[in-house]
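> Sequences listed follow chains A and B, in order. The first sequence runs 0 to 793 under numbering that gives the first Met the number 0. The second sequence runs 0 to 115 under numbering that gives the first Met the number 0.
You may find that some hints are simply not true.
[Unchecked claim] Here are some, though not all, of the chain A residues that point toward chain B, as calculated from beta-carbon distances under 10 angstroms:
1. I59
2. A342
3. D490
4. R589
[To be verified] List time: in silico DSS-like cross-link candidates among lysine-lysine, alpha-carbon distance up to 30 angstroms:
5. K612/A with K111/B
6. K776/A with K67/B
7. K605/A with K67/B
8. K90/A with K116/A
9. K768/A with K55/B
10. K1/B with K42/B
11. K116/A with K73/A
12. K765/A with K14/B
13. K2/B with K42/B
14. K42/B with K111/B
15. K67/B with K55/B
16. K2/B with K765/A
17. K42/B with K765/A
18. K73/A with K90/A
19. K605/A with K55/B
20. K765/A with K776/A
21. K65/B with K55/B
22. K65/B with K776/A
23. K612/A with K14/B
24. K2/B with K65/B
25. K473/A with K508/A
26. K56/A with K73/A
27. K605/A with K42/B
28. K67/B with K111/B
29. K1/B with K765/A
30. K65/B with K42/B
31. K65/B with K111/B
32. K111/B with K14/B
33. K65/B with K112/B
34. K112/B with K2/B
35. K67/B with K2/B
36. K65/B with K613/A
37. K55/B with K2/B
38. K80/A with K116/A
39. K1/B with K605/A
40. K112/B with K605/A
Rather than coming from a laboratory, the hints here were simulated on the basis of the structure. Every value quoted in this text rests on a predicted model; they were computed, and no experiment measured them. The beta-carbon is built from N, C-alpha and C at its ideal position, and this holds for glycine as well.
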Amino acid sequence: MTMEPVERTELSILSEIGRISTSADDLHRKLQRIIEVVMRGIGKDGASVFLLDRSGKNVILEAAMGLNQEAVGKLTFPLGKGIAGWVAEQKVPLALADPYSDPRFQYVPETGIERFKSLVAAPIMDEDRCFGVIFVLSGQNWNATSSEVTILTTTANQISGVIRSTLLFQDIEDRLARLASIYEISMALTSTLDLNQLLSLIARNTTSSLRAQGCTIHLLDLPAGDGENRELRLTFIDDAVRDIDTVFGERMQTNTIRDKRPLLIADTSQDARVQDISNQHRVSILSVPLIFHDRVTGVITLYSTEQGQPFIDDDLQFLTTIASGAAVAVENAALFEREERMAGDARVRAQEFSILYDVGTAMSATLNLDRLLRIILTAATMGGTGLGFNRAILLLTNERTNILQGMMGVGPTSWDEASRAWTEVARKHKSLMEWIQTGELFESRDSEINEVARRIRMHMDPDEGVLARTVLEKRSFNVLDAASDPLVPKDLRDTLRVNSFATVPLVAKGRAIGAILVDNLFTRRPITDHDIRFLTMFAHQAALAIDNAVIHSNMETMNRDIRVIHEQLAQSEKMAALGTMMAEITHEIRNPLVSIGGFTRRLARKVTDPDAKKYIDIILSEVGRLEGIIHDNLAYIKNVGPQFSRTSLNNIVEEVLPVYEDELRQRGINIERDLSPEIGSLDMDPQQIKQAVVNLVANAMEAMENGGTLTVRTYPSADSRDAVMEIGDTGPGISPESMHNLFNPYYTTKVRGTGLGLPITHRIVKAHKGNIVFRNKETGGAVFTLRLPVPQEK
Amino acid sequence: MKKILVVDDEENICKLYREELEEMGYEVTTALDGGSAIAALEKARYDLVTLDMRMKGMDGIETLRKMKERDASLPVIISSAYEEYKNDFGSWASDAYIVKSADTAALRDTVKKILG
């Protein structure tokens with residue numbers, strides 16, 4: 000059977016295409032070779048292929064013979080426009096002997112189309128789907144025959160197979176490539192926990208995978224811990240798309256966050272959602288939310304400009320996949336960052352506690368108030384292991400006088416001294432304890448700040464300003480601008496020479512006992528809220544230590560007073576013993592003297608011999624001298640009159656009772672006191688009255704051998720002329736035999752002691768123009784009632 | 000003749016007081032302790048007693064109390080070597096207090112004042 004030339008041509012073309020389609024060339028190269036075969040087979044001088052782009056809405060020139068190669072990949076017609084667009088849309092072949100007169104033709108310069116006179120076009124069909132259009136072009140006028148059109152159509156069908164398999168292959172390759180890039184991105188996402196680094200990584204990878212021009216990532220408020228509100232927002236913007244992002248970014252984000260859905264805008268110039276803002280730009284945009292646990296944590300947006308390809312659904316799928324991984328990675332990084340931050344906080348906190356511990360240890364090492372204040376202020380001004388303020392002043396309140404007094408100031412006088420001290424601290428790494436033990440951080444006593452501190456003195460009145468208020472309101476103040484602060488008096492500002500300072504109260508057991516003032520005169524470092532919080536903690540500890548030291552100091556004073564009283568008592572006892580001894584001597588010497596002198600006088604009356612008379616006079620004068628000596632001695636020991644001064648009887652009772660507290664407790668004796676403040680102060684010899692009270696208390700104590708209750712009452716007499724003191728016991732009471740002898744100096748029921756206690760008391764009270772009486776109570780026990788006159792005001 | 004009882008545990012003092020007071024015209028009896036003094040008062044009536052404060056056995060204060068219990072109107076002069084209690088004699092219910100001295104003028108004056 001012989002073949003027609005056309006059939007032969009068709010067969011050779013088809014077999015050629017078959018060979019090309021199985022070659023290893025890429026699609027573009029295959030199409031180029033195919034159109035060459037077709038052009039030659041049909042015997043014409045030009046050919047081309049348009050393919051639909053990924054969106055399926057445009058045809059684009061993929062391969063050409065006889066046309067300018069620059070147009071390849073660029074020349075494009077929307078579906079329905081131009082011959083290529085029309086054929087692709089109508090899916091029918093078209094032969095035009097004179098295309099230039101056809102209304103469907105669109106002339107595009109610089110393509111080289113004007114070199115051709117006629118053309119035939121056929122759609123490249125795969126079933127109902129159109130892949131593109133194949134053209135054969137003729138430089139000569141050409142009225143194509145139906146068989147030539149058929150050859151082209153058949154060839155186009157054959158090409159569709161090539162394209163389909165290539166596209167399938169490409170699709171698989173693309174998918175593999177995307178899987179690979181998803182894998183790569185996933186790996187990258189787990190490679191870092193640095194949030195900024197992570198954002199940059201996500202942006203670069205997605206931009207390159209989607210052949211986009213740039214990417215922005217906006218994170219919303221980062222995930223935060225319990226009760227923690229973090230305002231931080233992180234943004235990553237590629238410089239290449241910064242301008243575009245300025246136009247579209249916010250709109251895209253708002254929509255994406257609101258809808259919680261990915262958003263694809265293939266062409267901003269064609270899209271109603273952004274048309275109001277997009278007149279100058281033709282951009283393709285992909286915007287995908289980062290969703291973690293159903294919460295939008297951020298938005299990732301990719302831009303493809305006019306130079307690139309518009310995004311398609313596949314890209315959206317891809318980005319959504321990436322975004323879901325990225326959301327987790329971002330969350331992890333944010334959590335990690337927070338952990339880091341918390342760990343950092345914990346480190347700071349631990350350091351603070353370590354400082355407080357050091358300071359606490361140092362403070363507990365002394366009860367000496369002066370030394371304690373120095374430790375506190377040194378800690379406040381020490382860098383490194385201390386609080387690190389430049390200068391610190393400590394003020395204490397005097398509750399009795401209601402005055403706030405600057406006690407001590409510590410800090411360098413000049414920049415030189417400051418930097419020298421701080422450098423030394425940093426260099427030696429000494430602990431606070433060591434500093435305290437080895438010497439002072441700054442020159443102390445004569446320092447300027449110490450003088451400044453000691454000059455500060457004010458009434459605790461809110462009108463006195465910030466320092467008084469710190470104590471009265473028990474709160475801290477951070478004065479940022481002293482000049483404009485109405486709470487800062489001018490003299491304080493002038494003394495301190497600093498415009499910013501802070502004050503915290505010293506509160507111990509709920510009482511404000513003073514305040515600490517700190518400033519940064521030299522470094523000018525602003526005092527932060529955190530500084531104040533830490534200083535407050537420190538001040539709390541310092542206040543307790545000061546309170547302890549003050550209590551201790553009071554106890555020392557009290558102990559000293561008790562010692563003095565003890566000594567005085569011992570002295571009194573000695574005097575009493577001496578008195579007793581003198582009384583003995585008096586008795587033993589006076590009686591013989593009376594005899595010697597008395598009989599000598601009688602002798603003198605009977606003697607007439609002048610010599611004997613002279614001797615008798617000598618004896619009598621010597622006896623008189625001896626009697627005088629005895630008299631003078633006794634007067635000295637016993638008859639020293641009271642030294643009056645205005646004194647509170649209650650105070651004397653309060654001084655005496657502690658002396659016996661231990662002994663009373665040991666004997667199982669309770670003290671009940673009821674001291675009326677109404678009795679006021681009296682004219683008395685405090686030492687003698689103290690002696691009287693001591694004697695009565697001792698007497699009551701010794702009456703209660705088996706324990707009991709000692710009562711001490713003071714009150715004004717009914718006519719207010721006397722102050723009355725009652726000292727009662729719950730002992731056996733005073734026996735009838737003893738009653739008459741109670742104030743007899745030589746009567747005693749006591750096993751030990753001089754027995755002079757009550758007589759001496761009696762004498763003292765008499766000397767004060769008062770009186771003392773006693774009675775037995777109906778309920779048992781004795782009560783001594785002592786009355787001293789209240790001074791009558793003139 | 001008015002009768003005076005002199006009570007003192009010093010024998011020489013008793014002797015001195017007796018001679019001085021007899022010279023003044025009084026009848027004098029002496030007692031060396033509180034017990035014999037009370038016994039003497041039981042035997043005879045006296046117009047005046049001089050009484051030492053500090054004596055062995057019953058002391059002056061106790062003796063004074065007993066004397067006053069017997070007869071509160073009997074005047075008693077305390078005659079003591081102690082001068083520091085001379086302001087307190089009122090509380091002990093005696094009528095006078097003299098400090099013993101070689102110069103017996105105080106004794107004589109006080110007795111004269113009481114007995115006239």
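> Each hint should be assessed against the structure and marked as holding or not.
Evaluation of the provided hints:
At a threshold of 10 angstroms, the smallest CB-CB gap from I59/A to chain B is about 141 angstroms, leaving the interface hint violated. Nearest Cβ of chain B to the Cβ of A342/A: about 87 angstroms, over the 10 angstroms cut. The hint is violated. Interface restraint check: D490/A against chain B, minimum CB-CB distance 64 angstroms, threshold 10 angstroms, status violated. The beta carbon of R589/A is positioned within 10 angstroms of a beta carbon in chain B (closest approach about 4 angstroms), and the interface hint is therefore held.
With a C-alpha separation of about 28 angstroms, the suggested pairing of K612/A with K111/B holds against the 30 angstroms cut-off. Our distance criterion of 30 angstroms between C-alpha atoms is met by K776/A and K67/B, whose separation comes to about 28 angstroms. Pair hint K605/A plus K67/B does not hold up; C-alpha atoms about 39 angstroms apart against a cutoff of 30 angstroms. Note on K90/A and K116/A: the hinted pairing holds, with a Cα-Cα distance of about 23 angstroms set against a maximum of 30 angstroms.
Straight-line distance between C-alpha atoms of K768/A and K55/B comes to about 34 angstroms, which puts the hinted pair past the 30 angstroms bound. Note on K1/B and K42/B: the hinted pairing holds, with a Cα-Cα distance of about 15 angstroms set against a maximum of 30 angstroms. At roughly 23 angstroms between alpha-carbon atoms, K116/A and K73/A fall within 30 angstroms of each other, so this suggested pair holds. At roughly 36 angstroms between alpha-carbon atoms, K765/A and K14/B are farther apart than 30 angstroms, so this suggested pair is violated.
For the hint pairing K2/B with K42/B, the CA-to-CA distance comes to about 13 angstroms; that is within 30 angstroms, so the pair holds. Between K42/B and K111/B the CA atoms are separated by roughly 24 angstroms; this keeps the pair inside 30 angstroms, and the hint holds. At roughly 20 angstroms between alpha-carbon atoms, K67/B and K55/B fall within 30 angstroms of each other, so this suggested pair holds. Between the alpha carbons of K2/B and K765/A the distance comes to roughly 36 angstroms, so the proposed pair goes past 30 angstroms and is violated.
Using a Cα cut-off of 30 angstroms, the hinted pair K42/B and K765/A is violated, with the two alpha carbons roughly 40 angstroms apart. This hinted pair checks out: K73/A and K90/A have alpha carbons roughly 22 angstroms apart, not beyond 30 angstroms. Our distance criterion of 30 angstroms between C-alpha atoms is broken by K605/A and K55/B, whose separation comes to about 34 angstroms. Proximity of K765/A to K776/A is assessed by CA-CA distance (about 24 angstroms); at most 30 angstroms being required, the pair is judged to hold.
Restraint check: the Cα-Cα separation between K65/B and K55/B comes to about 16 angstroms, which is no more than 30 angstroms; the hinted pair holds. A distance of roughly 27 angstroms separates the Cα atoms of K65/B and K776/A; the hinted pair therefore holds under the 30 angstroms criterion. Restraint check for K612/A and K14/B: satisfied, since their Cα atoms lie roughly 23 angstroms apart, inside the 30 angstroms limit. Proposed proximity of K2/B and K65/B is supported: the alpha carbons are some 19 angstroms apart, at most 30 angstroms.
Only pairs whose Cα atoms come within 30 angstroms are accepted, and K473/A paired with K508/A is accepted, the gap being roughly 12 angstroms. Distance hint between K56/A and K73/A is fulfilled; the C-alpha atoms sit about 15 angstroms from each other, no more than 30 angstroms. For a cut-off of 30 angstroms, the pair hint linking K605/A to K42/B is broken: about 35 angstroms separates their Cα positions. A hinted pair counts as satisfied when its Cα atoms are at most 30 angstroms apart, and K67/B with K111/B qualifies at roughly 21 angstroms.
Proximity of K1/B to K765/A is assessed by CA-CA distance (about 37 angstroms); at most 30 angstroms being required, the pair is judged violated. Between K65/B and K42/B, the direct Cα distance comes to roughly 15 angstroms. Compliance with the 30 angstroms bound is thereby established for this hinted pair. At most 30 angstroms may separate the alpha-carbon atoms for a hinted pair to count; K65/B and K111/B meet this at roughly 24 angstroms. Of the supplied pair hints, the one linking K111/B and K14/B holds, its CA atoms being roughly 19 angstroms apart against a limit of 30 angstroms.
Simply put, K65/B and K112/B have alpha-carbon atoms about 24 angstroms apart, close enough for the 30 angstroms limit, and the pair holds. Straight-line distance between C-alpha atoms of K112/B and K2/B comes to about 15 angstroms, which keeps the hinted pair within the 30 angstroms bound. Straight-line distance between C-alpha atoms of K67/B and K2/B comes to about 17 angstroms, which keeps the hinted pair within the 30 angstroms bound. For the suggested pair K65/B and K613/A, the alpha carbons sit about 46 angstroms apart, so the restraint of at most 30 angstroms is broken.
Of the pairs offered as hints, the one joining K55/B and K2/B holds, with about 25 angstroms between alpha carbons and a cut-off of 30 angstroms not exceeded. For the given pair, K80/A sits about 20 angstroms from K116/A by alpha-carbon distance, which is consistent with the 30 angstroms threshold. For the given pair, K1/B sits about 26 angstroms from K605/A by alpha-carbon distance, which is consistent with the 30 angstroms threshold. Annotation: proposed proximity of K112/B to K605/A holds, straight-line Cα distance about 27 angstroms (limit 30 angstroms).
Comparing the model with each numbered hint stated earlier shows that hints 1, 2, 3, 7, 9, 12, 16, 17, 19, 27, 29 and 36 do not hold.
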